[in-house]
Amino acid sequence: MAAREATFADDALDANQVAAYLKRIELPPSLAESPPSLQQLSDIYLAHHYHVPKDTTSLHAPPEAWRGRSEPIILGSTLHAMPQRLHPAYHRIVNLHAGGYCWANNPVFAALLRGLGYRVSECAAKVFKGWANMDPNGPKVKNRWGTYTHIVLVVDWAGSEERYVLDVGFGGGGCPIPVPLRDGATVLGLNPYEAWTIKHEPFPHEPEDSAPIDVLPGWTMYRKTPLPGNTFDTVPDASTPGETVHQYHFLLASITIRDIGLFDFYSQAHPLAAFTEFFLVTRLLPGTGGARRSVMFSEAMVRDGRRLAKVHTTGGLDAKGSTEARDVEYVEMETRPMRAYLEEHFGFVFEMSSNLDSFIVSKRPPPEIIATSQEIRDRASVFVAAIFHATTQNQALAAVKHLKNVVHAAKPASHELYAWRCMVLKSGHTGLGGPEDFEVKEGSEDDGEKWGGEKILGAMKKQGILDAVVVVSRWYGGNLLGPIRFTHIETCTLEVCRDFKRQEDLKDALTTLRDLDAILAELRDELATLRDAHTTSSAVSNAALRKQPDYSGWIDWDLAKAHRLIRARESAIANTKQLIAKQQQQQQNRQQEQAEPSTTVP
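Using my numbering, you'd call the opening residue of the sequence shown number 2 and step up by one each time.
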């Protein structure tokens, strides 16, 4: 007898899928060995926000469009291209390192949680639209409730004191902290400039609309921000000044699998569905206190006939409550440049065929490890640090991903904690104003090794390291080490920082040497010309044949050798200048002798 189709979603990832998913969101697979808890749930939830984007790319361009020649990305719907439910969406998230919108991300995240022992109810929600189109032929209107086009998760586990609301598909403004399903429950975000409150209340319809006849109390999520120039020093309450906006409203009623199919069909195909006319890839950035990097485009953004997607960062600690976009750049709305950008900055992998092992690989050179520390072994745990050049946060994150997914692919580390420091141009400045136009941006990530990222960052500051990212990889050996682990982390970091500084100083010395070599060569040519005005061609020939200094082994030099060579070049330049001056004086004397009239009497 055929198995009966399930009414409500109960799919769960198996142990291997859970391990692969945890690795995808850069958490140790050993996390699955712990029983469900609020701390574990919070860690997994936040990691998902960091590493799995809300992503509508598959709505606008089918898989075959991303290979071959570049084509314009036309907004619309490639119906059924957005992966739904477990297997297609799991493959897209875990294997292709991409994401989806709410109907893809939330159900797969629910399956992950069930695989870890959590109980998950999937509920449909209405989203409050900043701008909404209620009529395909009419204008957009502001601040209206949409239809049931969103899905949220309500999570608990055996022995939990409360249930929690989670949502990995909301995108910008979404809460990355589990919110207790309790009237008035409020949580602070990752910075003191935002908080979320949930209220148990009837649907908050627009006041100008007629009141509905039948109303069931549901749950409304609100996002609150402080007044300009202020922060939330503690969890705000109703009396705390600030601006509060609706985000979504849902009934506590599990929807069926077929309901999900219906709502998803609308979101992919209906002319009023939000994402059929909006291209979006967005995720939180680790170590930034809630900053978000987004790629977005709509036809309303076309300027002077150019279709350019805007890429920008918003929020986080650096924004200090401002909603202004920063670190803005633009990408052509064509498959080839967009694919290259998503590969480099979001880690996407694009399939070439139905073979899941065949991928389009970026042709950009991989990040180069500048230095690696000696291994530190302690009670079966191993610590190793690596340092990369990185002039932007995106370059730093790309280096970390390369280390995890390529260098350590055969033997994944239990923890890959890191910190980065970059000198960047201040927003609104050109760089022509000198040093005041620049500022240091920095951040760190513990990757489950609490306070470890801060230790790395502190060591980098101590050594004055800039434009670099340091990753300390730890392979856990099964024994708790206690505080000594921080000493190991710092020791590894200091070693690669010193090597990095040595190489940077050597590069500066090499640049100085080459500049001095060029000056010395010009002076020697000038001296040769002065010695014999009739041997210019010979001098040129000699210059062409002169052996250039060989610096191929510079990486193994010590600074003392470099400084000795610099002093030798400076001495040679000074001596050559003296010889030139002497030759010029002799030439001047000869010219004067030739110009003086003869005093001999015939």
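Just so you know, the hints here were simulated from the structure itself, not pulled from any lab data.
Treat each hint with caution, since some may be false.
[Said to hold, decoys possible] So the derived label-pair ranges between C-beta atoms look like this:
| hint | residue 1 | residue 2 | range |
| --- | --- | --- | --- |
| 1 | Glu369 | Val441 | 20 to 30 Å |
| 2 | Arg499 | Phe439 | 43 to 53 Å |
| 3 | Asp238 | Ser161 | 45 to 55 Å |
| 4 | Asp500 | Arg337 | 17 to 27 Å |
| 5 | Asp509 | Glu162 | 51 to 61 Å |
| 6 | Ser323 | Val407 | 50 to 60 Å |
| 7 | Val407 | Ala582 | 53 to 63 Å |
[What the hints assert, rightly or not] Within a straight-line C-alpha distance of at most 30 Å, the following computed DSSO-like cross-link-like pairs (lysine-lysine) qualify:
| hint | residue 1 | residue 2 |
| --- | --- | --- |
| 8 | Lys311 | Lys451 |
| 9 | Lys508 | Lys442 |
| 10 | Lys442 | Lys502 |
| 11 | Lys508 | Lys562 |
| 12 | Lys463 | Lys321 |
| 13 | Lys462 | Lys502 |
| 14 | Lys130 | Lys311 |
| 15 | Lys442 | Lys463 |
| 16 | Lys583 | Lys508 |
| 17 | Lys462 | Lys402 |
| 18 | Lys412 | Lys321 |
| 19 | Lys508 | Lys451 |
| 20 | Lys412 | Lys451 |
| 21 | Lys402 | Lys427 |
| 22 | Lys311 | Lys200 |
| 23 | Lys405 | Lys442 |
| 24 | Lys427 | Lys412 |
| 25 | Lys502 | Lys578 |
| 26 | Lys24 | Lys562 |
We treat Cβ as the ideally placed atom computed from N, Cα and C, and that holds for glycine.
Do the hints match the structure? See the list:
{"no.": "1", "hint": "Glu369 with Val441: 20 to 30 Å", "result": "23 Å, holds"}
{"no.": "2", "hint": "Arg499 with Phe439: 43 to 53 Å", "result": "25 Å, violated"}
{"no.": "3", "hint": "Asp238 with Ser161: 45 to 55 Å", "result": "24 Å, violated"}
{"no.": "4", "hint": "Asp500 with Arg337: 17 to 27 Å", "result": "38 Å, violated"}
{"no.": "5", "hint": "Asp509 with Glu162: 51 to 61 Å", "result": "59 Å, holds"}
{"no.": "6", "hint": "Ser323 with Val407: 50 to 60 Å", "result": "37 Å, violated"}
{"no.": "7", "hint": "Val407 with Ala582: 53 to 63 Å", "result": "58 Å, holds"}
{"no.": "8", "hint": "Lys311 with Lys451", "result": "35 Å, violated"}
{"no.": "9", "hint": "Lys508 with Lys442", "result": "24 Å, holds"}
{"no.": "10", "hint": "Lys442 with Lys502", "result": "19 Å, holds"}
{"no.": "11", "hint": "Lys508 with Lys562", "result": "13 Å, holds"}
{"no.": "12", "hint": "Lys463 with Lys321", "result": "26 Å, holds"}
{"no.": "13", "hint": "Lys462 with Lys502", "result": "12 Å, holds"}
{"no.": "14", "hint": "Lys130 with Lys311", "result": "21 Å, holds"}
{"no.": "15", "hint": "Lys442 with Lys463", "result": "16 Å, holds"}
{"no.": "16", "hint": "Lys583 with Lys508", "result": "35 Å, violated"}
{"no.": "17", "hint": "Lys462 with Lys402", "result": "23 Å, holds"}
{"no.": "18", "hint": "Lys412 with Lys321", "result": "40 Å, violated"}
{"no.": "19", "hint": "Lys508 with Lys451", "result": "35 Å, violated"}
{"no.": "20", "hint": "Lys412 with Lys451", "result": "22 Å, holds"}
{"no.": "21", "hint": "Lys402 with Lys427", "result": "26 Å, holds"}
{"no.": "22", "hint": "Lys311 with Lys200", "result": "35 Å, violated"}
{"no.": "23", "hint": "Lys405 with Lys442", "result": "23 Å, holds"}
{"no.": "24", "hint": "Lys427 with Lys412", "result": "40 Å, violated"}
{"no.": "25", "hint": "Lys502 with Lys578", "result": "34 Å, violated"}
{"no.": "26", "hint": "Lys24 with Lys562", "result": "46 Å, violated"}
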